[in-house]
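Q: Sequence:
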Amino acid sequence: MTTLGFDEHDESYIEDAYDDFLPPAIYRCIKAEAKWDPQIDLTPSLEILTAFEQQIESICQQMPDEHDRLDKLLDSFYSEWLFSASSLKVPEYKLNSISYTLSMRSGTPTTLAILLCHFLQHAKLDASVSITQGEVGIHVAMSDEEGYLVDPSSGQQSWYIIPENIDEENPQEQEPLELIFEDEVYKLFLAQQKWSFISENKFGHALTCVDLLMEMLGDDPYERRDRGYLLNQLGCPKMARDDLQFFVDECPDDPAIEIILHQIEELEDNHKTHH
1 MTTLGFDEHD ESYIEDAYDD FLPPAIYRCI KAEAKWDPQI DLTPSLEILT AFEQQIESIC
61 QQMPDEHDRL DKLLDSFYSE WLFSASSLKV PEYKLNSISY TLSMRSGTPT TLAILLCHFL
121 QHAKLDASVS ITQGEVGIHV AMSDEEGYLV DPSSGQQSWY IIPENIDEEN PQEQEPLELI
181 FEDEVYKLFL AQQKWSFISE NKFGHALTCV DLLMEMLGDD PYERRDRGYL LNQLGCPKMA
241 RDDLQFFVDE CPDDPAIEII LHQIEELEDN HKTHH
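So in full-length UniProt numbering, spot 269 of the sequence shown is number 269, and the numbers just go up one at a time.
It should be emphasised that the hints constitute simulated quantities derived from the structure, not laboratory data. It cannot be assumed that every hint is accurate.
So the derived label-pair ranges between C-beta atoms look like this [unchecked claim]:
| hint | residue 1 | residue 2 | range |
| --- | --- | --- | --- |
| 1 | Q55 | A141 | 32 to 38 Å |
| 2 | D254 | A51 | 42 to 48 Å |
| 3 | K187 | D254 | 32 to 38 Å |
| 4 | E146 | G218 | 36 to 42 Å |
| 5 | P44 | P91 | 15 to 21 Å |
| 6 | W195 | S158 | 24 to 30 Å |
| 7 | M239 | S154 | 40 to 46 Å |
| 8 | P176 | P91 | 29 to 35 Å |
| 9 | S87 | Q39 | 24 to 30 Å |
| 10 | N201 | Q55 | 35 to 41 Å |
Ideal Cβ positions, reconstructed from N, Cα and C, are used throughout, including at glycine.
Sequences and hints are given; from them, build the entire structure.
A: Written as structure tokens, this is what we have:
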């Protein structure tokens, strides 16, 4: 059994009014794939998702008890539908794709968490994607004080309880848990997909991820830094320099600032050489 300390940052819990008009995060993640791969046909993925949702609705009718319903859904997800973390040598950007995970029943902990969380929410369970010590998981609340933590790779669940007399003066004894919702889930998906594209030198695809992130974050200096790197890789040195300089101006104390300054110098030297 686990003792938890919740990270209650307002920005993680309070959504802007426009979020009420946005589709669930999983649909945004699926549709984002058409942004970097315009040739992809997402219809099969959406049809698979709908078919699973219909099966879940049937399970809900048979399982009025929340604990029984959770057990049944986890059993269905891992034992009947055979979703799992991949042990094959598949490029990370494919495993990070929700459409790939739906069709191949295999993915990263993040895509499995997003998908399973959506299914649990569809089953009227109070489920959220969670991050504990950098690891993505699923949190299912059964009350204000009790619930389950689920490992998305295996389905293993652990019961937790928040004691009434929890010692707020010793937070180190608590296991920190951050719950993320809708926009934050979508950002997590895009950020992981961005880095997986970069690792495979798919810089144009990664740039699309940055553009989608900046639509939500605005002129975030770290996204501008990443965009600068990608623009340089794609042969746009002047625009790359502007982005990197923006990062230097906004984050002068960043530990990587010397590396960024060196990159700017190289871009300027190359520019002088060509002129």
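Q: Against this structure, judge whether each hint is valid.
A: Okay, the hints, checked on the actual structure:
1. Q55 <-> A141: 32 to 38 Å: 24 Å, violated
2. D254 <-> A51: 42 to 48 Å: Given about 47 Å between the Cβ atoms, the range holds.
3. K187 <-> D254: 32 to 38 Å: 20 Å, violated
4. E146 <-> G218: 36 to 42 Å: 39 Å, holds
5. P44 <-> P91: 15 to 21 Å: 20 Å, holds
6. W195 <-> S158: 24 to 30 Å: 29 Å, holds
7. M239 <-> S154: 40 to 46 Å: 44 Å, holds
8. P176 <-> P91: 29 to 35 Å: The hint (29 to 35 Å, Cβ to Cβ) holds, given that P176 and P91 are roughly 32 Å apart.
9. S87 <-> Q39: 24 to 30 Å: Distance hint for S87, Q39 holds at roughly 29 Å.
10. N201 <-> Q55: 35 to 41 Å: 39 Å, holds
When held up to the earlier numbered hints, the structure conflicts with 1, 3 and fits the remainder.
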